[in-house]
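A.B. asks: Heads up: the protein sequence lines correspond to chains A and B, in order.
Numbering of the first sequence is given in the numbering used here, commencing with residue 1 and proceeding in unit increments.
Numbering of the second sequence is given in the numbering used here, commencing with residue 1001 and proceeding in unit increments.
Hint data in this document are derived by calculation from the structure and do not stem from the laboratory.
We put the beta carbon where it would ideally sit given N, CA and C, even for glycine.
Errors might be hidden in some of the hints.
Said to hold, decoys possible - Below are the DSSO-like pairs computed for lysine-lysine, each with C-alpha atoms no more than 27 angstroms apart in a straight line:
1. B:1070 with A:385
2. A:289 with A:406
3. B:1257 with B:1195
4. B:1279 with A:80
Unchecked claim - Reference listing, derived: stretches of chain A covered by chain B, where coverage requires no fewer than 3 residues with Cβ under 8 angstroms from a Cβ of chain B:
5. 25-33
6. 59-73
7. 124-134
8. 177-184
9. 194-203
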Amino acid sequence: MTIAARKDRSQERQKQMIAEHFQRLGRARESGEKCVYTFVPGNLTELLRAFDLLPVLPEINALQSGMRGKSREYIGLAEKLGHSEDVCTYVKCDIGMLKSGNIGPTGERLPDPDLLLLSYTGCFTFLKWFELLRQEYRAPTVMLHVPYQADGQITPSQREYVVAQLKHKVIPALERVSGKKFDIDKLREQLRRSAQAEDDLVWVLQSARHRPSPIDAYFGGVYYIGPIFSAFRGTQEALEYYRELREEVAERIALGLGPVTPDGPLEREKFRVVVEGPPNWTSFREFWKMFADEGAVVVASTYTKVGGTYDLGFRHDPDRPLESLADYCLGCYTNLNLPTRVDVLCQYMDEYSADGLLVHSVKSCNSFSAGQLAMLNEVERRTGKPVGFLESDLVDPRYFSAANIKNRLESYFQMVAQKRAAAPRTEASAP
Amino acid sequence: MSASRVQGIVERAEDLCRDLRLESVRRWKEQNGGLAIGFMPIWAPRELLRAQGCLPVGIMGGGEDVEIIKGDAFYQSYICHLPRSTIELALGGSLDVLDGMIFPAICDVIRNLSGIWKLRFPERLAYYFDSPQDFDPQIGGAFLRRELEEFSHALVQRGARPLETEALRESLAAYNANRARVQALYQLRRDEPWKVPTWELYLLQRAGLVAPVEEHDRMLDEYLAAIRADESRRPLDQARVVLTGSFCEQPPLGLIKTLERAGCYIVDDDFIQVGRWFKNPASLDGDPLDNLVNAFLRDSLESPTRYEEQGNKGEELVRRVADSRAEGVLFCTPSFCDPALLDQPMAVRAIEASGTPWTAFKYAENNGQFQVIREQAGTFADSIKLFSEALSP
């Protein structure tokens, strides 16, 4: 079997896992399974699974709608219904999808929520989003407020606050919805599997330290994080998926292969960049191709940490289940303060021997975007490496100007090349 | 005579409002020697600051008086105006007199502004004040108390005096008295809006952001006495409206005047809520820190920035309309204000269900042209006056 086919196997497996989950959601009313709507950052998948509840993630639905060309219509409908053109397009896409029959990416109608679990981590818009959904669905809602890591560390007070909410608010709500008593051993088992999968995911992400990098840690990275950021963290399926993915990437390293791009394997790695910010979903492939055409590989990205900063050392811990869930929520990337985010970017630039930093700023997400220009300047000041700035949106195609972005990227890579030519040659680093 | 007294008081308030270099704060520091701590909208624990000998200073951005040069380099075009003018003020030295800044938990933009502060002014206190969205006294209340204690400790490390129980109790009483005055003016405006033009009330509140509370009390007392004595203020045939959406970035003064000149009596609003944040006096019995916590948990104004566990969004706005006997609602919202604009469809739904007419427009704090809004508000007011019965359910 060829390497490409083996690569395809993990991608196929990932696609199949997610499709099966949506199909299961589509059958939930008949099967009697209960559904909980929640968010990616600060998700409590292991806890939901411990109650045999199925997670539904509106952000994932929105990005899927963006990739499938449905978001323009959904956003337009939401705006007609009075939602401002200024606000988050994930929210509007979700509202538009709901008003259009709530048809999920596999073409099946998504079930109404039995519970809205408002995990408020790193983004204020989440709060408003579920207030809007609560009015639409009339579903019970439980809030998990996760304080911000304003000083770059988790304080005992913050952890205590989150654990208290888990114990006294979230778990009782899940017991009511599921009709089952909380079983901490079941949760521990899930967390044990989470930690193993997290080890393998980190290994995969850190494989980009190699030259050439065997992976693209942004465009390819979003596929890698799919199962662990969505409905599968803590499951046996996720454990097996990440083991298989790791084996595939190990083989690519052994063969000295670069990442697979939309046009096939990248023949020659010319540029190594770090990217800050989420991708654009409506022109995802086109955006990726702009990088690949330049021979640019993203060796590290912050977006792939939005659902957990495992490469910074965090692991779910079955020995401290609730505290560990609290630390997970508190540690998601957009819950880190700006100085910490700058530190992370500088660390990536060094650790992955990057040529520079690109910020992809999206109109929809102030949590990510507000302050990115200051971060950019600070990273440039500290590292002396070229930085670039691109703007578009998450799922609103009106804000993706391909010509403009391509132009900026070409100029940026010319600048990197010039800077590199002017600098003394350095040794490539490999782990 | 009274008209000129009113004018004098309002001019003093406007001088304080437009004192972007915070000269009054500088003078206060020279005379009192305490720390001056800035705070962004919407709520900050002013009682605690005062009890530790600090002057709380509300920072509402640069408004219409600051030309943005450096601030635009910090923010993309799709982010509201307030943080860029605030950064402009800071980089231009206007905020140097402040010993620290509080960034309350309002939205992602203000939250991340706290990070920019840490990056740009590492020597200054930049405190992100994370108030709870859980309002259970044993959970959110315990967290808020710890937050307040940690904040108090941070002030002490910067040279403030330690927090003492009696000082905090006295400070709670001082702000209770101040809020009572502001609330009395709001009530008077509801009853006799021709007596209390909103642009004047607004300036008086702005003055309270920089003046020590006792000085602000005197200003409010003088104003109340002056308008009561002013016989020249007579009712006009204007539409009574509630204005909502302006709780963070403030509209230019000219916009408020424009709305009033267009035929609207603004009988309730959400400008500068810190002076009215607690709806009732904080208790002075028992532990004052607990009382401050409990007032926040149980007696705060409803706000798009605050999670509502129960009920329907917009119900509070409907109640405010009823309480103020308003005939319409103006959704007057800063561009790109996530909390206000995400809240708006829910509030509109509730307002429509109540049969109340409404209209909506957006602004930025530095807008200079109001003709379009004047026409919109004027038409809205006219339609209420002419067709209000027909619009009723």
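A.B. asks: Confirm or reject each hint.
C.D. replies: Right, here's what the structure says about each hint:
1. B:1070 with A:385: Holds: residue 1070 of chain B and residue 385 of chain A sit about 23 angstroms apart, inside 27 angstroms.
2. A:289 with A:406: holds, 10 angstroms
3. B:1257 with B:1195: Cα-Cα ~15 angstroms, so holds.
4. B:1279 with A:80: Status violated; Cα separation ~36 angstroms.
5. 25-33: violated (count 0)
6. 59-73: violated (count 0)
7. 124-134: Check passed, 7 qualifying residues.
8. 177-184: With 0 residues close enough to chain B, the hint is violated.
9. 194-203: violated (count 0)
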